[in-house]
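Student: Protein sequence lines correspond, in order, to chains A and B. Mapping of the first sequence onto UniProt numbering: residues 1 to 454, in sequence order. Mapping of the second sequence onto UniProt numbering: residues 1 to 312, in sequence order.
No false leads were mixed into what you were given.
Simulated pairs of lysine-lysine, BS3-like, Cα-Cα distance not exceeding 25 Å:
{"no.": "1", "chain 1": "A", "residue 1": "K334", "chain 2": "B", "residue 2": "K138"}
{"no.": "2", "chain 1": "A", "residue 1": "K360", "chain 2": "B", "residue 2": "K299"}
{"no.": "3", "chain 1": "B", "residue 1": "K272", "chain 2": "B", "residue 2": "K299"}
{"no.": "4", "chain 1": "B", "residue 1": "K79", "chain 2": "B", "residue 2": "K104"}
{"no.": "5", "chain 1": "B", "residue 1": "K286", "chain 2": "B", "residue 2": "K238"}
{"no.": "6", "chain 1": "A", "residue 1": "K334", "chain 2": "B", "residue 2": "K286"}
{"no.": "7", "chain 1": "B", "residue 1": "K151", "chain 2": "A", "residue 2": "K201"}
{"no.": "8", "chain 1": "A", "residue 1": "K359", "chain 2": "B", "residue 2": "K299"}
What the hints contain is simulated information worked out from the structure, not anything from laboratory work.
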Amino acid sequence: MQESSNRPLHGANESGLQYAKHIKYWRRNLKTYLPHHYTSNDSNRLTLGFFILSALDILGDLQPALSAEERQGYIKWVYSCQIPTGGFRGSPGTDFGSLRNDGNAVWDPPTVPATYFALGTLALLGDDLQGVKRREILIWLTRMQRPDGSFGETLGLGDRIEGGNDTRFGYLSTGIRWMLRGTVEGPVDGVPDVDVDQFVKCIRDSETYDGGISEDSLHEAHAGFTCCAVSALSLVDRLPLPANFAPKADDRIRGVSNLPLMLHWLTARQTMTLDEEDALDTYADETDSTATCHDGHAFLPHNYTSEAGRKSIESQPTSHFEMSWVGMNGRANKIADTCYAWWSCAPLKLLGHLELVNKKPIRRWLLDKTQHIVGGFGKLPGYPPDIYHSYLGLITLSMFGETGLQDVDPALCISTRAKEHLESLPWRKAVVGEPEPSKAETVPDLSYMTITGG
Amino acid sequence: MPILYGANPTWADVTPVPQEDGGPHPLAAIAYAEEYSEAMGYLRAVMAANEYSQRVLGLTEHIISLNPAHYTVWLYRAKVLDQIGANLADEISWLNPTALQHLKNYQIWHHRQTIIDKLGSPEGEGPFISTMLEQDSKNYHVWSYRQWLVKRFDLFDEAELAWTESMIEADARNNSAWNHRWFLVVGRKGGQALEESIVDREIQYAKAAIRKAPQNQSPWNYLGGVVRRAQLPASSLKDFVLEFADLDEPDKVFSSHALDLLADIYTQDEDKKDEARKALDLLAVKYDPIRAHYWNYRKGLLDSSPAAQQIA
Ligand SMILES: [Zn+2]
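Turn these sequences into a full structure, and let the hints steer you where they fit.
Tutor: Okay, structure coming up:
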């Protein structure tokens with residue numbers, strides 16, 4: 001690692017969000033063809049569409065960017081992805097048009113991600129969702145849940161639930177449920193509910209020994225799965241309650257069984273390993289040096305045993321690393337990556353503890369290191385921007401309170417404005433009642449003292 | 001651009017189905033290569049007709065090479081393999097290089113599971129996984145797949161544990177390898193408690209790794225996990241922790257993780273709140289300032305009422 005790359009920028013080069021460039025970047029994504037390397041995302045065009053429109057929304061540019069005719073056109077396109085029997089396909093690529101029949105419908109199925117992002121996009125565009133087959137979606141959702149409580153991505157042959165049983169699909173399923181029926185539990189209008197208790201148990205089963213959430217029982221903790229799990233728990237109103245929180249206390253099963261440990265794990269995602277050069281191969285080098293430990297003080301070697309270790313120590317400076325930039329990673333001993341700013345910080349926000357990370361240097365890392373000169377964000381410093389990292393970088397800054405960006409809802413990953421639009425819809429009010437007051441004051445401040453105890 | 005299907009007599013009986021893009025304002029429209037557009041047109045046509053044949057197998061292979069995240073093409077391919085009675089070993093031979101080309105793809109692993117499950121044998125999977133891990137030793141999909149394999153074929157044995165040890169030895173900071181050890185040790189027992197001898201062995205193993213690299217978070221997390229799982233008090237690790245962080249010698253701290261654990265041990269002792277505070281201060285100011293907010297929060301909890309400190 002170059003020493004110079006860790007020095008703070010001088011004077012006039014104050015970190016800043018390049019609004020104009022971001023708007024330009026996102027408008028280009030909206031109005032011109034995406035380059036052909038997006039072909040590997042062709043099956044997830046609704047997801048990409050959601051990111052594009054939502055980014056413009058967060059930038060406050062959705063109104064100026066769209067004519068009334070374009071707005072209606074995009075709404076129409078989203079509806080064109082609706083399956084006649086309910087739910088949305090990921091892209092027009094699987095649509096057989098007039099050839100569709102019961103015999104081939106299984107190859108053109110609705111998917112959980114597409115349905116979530118379709119509903120989100122319609123909300124962003126101000127549609128009233130009256131054209132959505134809501135009842136059918138809710139029935140389908142109950143068929144997407146497995147006996148273990150997890151949700152799949154889509155139904156295959158013989159109604160087999162396909163796709164992983166990890167929290168991604170659980171998150172998006174509970175997101176769909178929240179949008180269409182809030183947090184009301186039990187049947188609504190004769191449509192049965194999913195099994196929320198079993199879902200929460202499934203999440204608890206993915207809790208890891210170090211405090212995160214993994215893809216499956218006993219697998220490795222990962223910030224993406226952790227964020228999806230915590231968001232889902234928030235959307236089904238099953239986050240832990242504070243010890244002294246009497247008004248709503250009940251005996252419903254809740255998720256995150258060891259909150260202090262999860263806070264420990266989430267804050268441990270802050271890292272100084274920012275460049276690929278930093279994340280050097282630690283193969284056969286088990287020593288502690290500035291080359292292998294970027295996460296805090298450069299510890300002097302206690303002892304070392306390998307030749308690679310000796311060389312590594314001799315070649316590295318032993319000074320402290322300055323805290324100009326702090327990145328976030330998604331797993332222990334991994335390099336920082338723009339998307340994990342969101343996956344690691346959003347759960348902290350939902351758990352009422354975003355203040356436990358130092359937002360300033362994380363913001364500087366995003367703005368100075370992964371923000372791209374053409375707008376958008378790359379995965380790592382020097383990487384070209386892509387839709388996924390650009391969206392998650394932007395929405396993280398919004399959650400941090402960046403001036404000029406619209407407020408966002410961390411559970412839905414969408415602007416507060418779009419969320420409130422959903423909550424204002426008469427059909428939804430009839431099911432859910434009036435919008436609940438902001439959760440901000442009711443999040444738990446669980447003052448459990450110790451991580452190892454209990 | 002080569003036209004692979006339109007001018008090919010083998011496909012003359014098929015009329016491709018063009019993509020309908022829902023009006024003049026499509027979202028996230030992609031500048032498809034002509035090759036992809038054409039192949040997709042034929043894929044829609046054969047899917048709509050539920051054709052299961054050798055030529056369709058080739059077509060799915062072509063689509064997968066261009067868009068490996070196409071979820072239904074994988075499900076369709078599995079059905080084709082089934083219907084034409086394809087040799088599943090050949091399918092694995094094709095999957096191997098395909099997986100190497102698409103290291104971050106998810107569907108490929110799901111498909112592999114389906115095939116290996118049907119073949120009913122894990123033979124050859126070990127070497128293949130090693131090849132994958134040579135590309136990226138922390139690839140989440142690969143480790144998850146290995147865990148599926150261990151479960152499916154009940155490979156919770158000494159050989160698997162030895163392999164995991166070799167992975168940790170090669171890179172003590174490979175947290176995936178540490179987690180795999182946990183998967184083996186705890187998973188083998190189902191939900192049951194670990195025998196005392198196993199607990200002891202795991203504690204010694206983690207301690208030895210920490211002595212080599214005290215600032216490596218993976219074995220510390222592992223050690224904490226084992227101690228919690230065995231319901232041992234954190235204080236049982238106090239002597240070990242003092243090897244790396246002793247408040248009497250605040251300039252000779254060799255590991256922030258040791259200091260963290262020491263703070264936790266002191267926190268649980270009503271008479272050691274000042275020591276806990278001192279350890280957390282050292283972390284916030286000197287040894288782990290990157291997480292200063294978190295250490296200060298932990299310090300703040302020292303003063304909160306005992307009632308609020310209990311897990312409900
Ligand atoms: Zn990323």
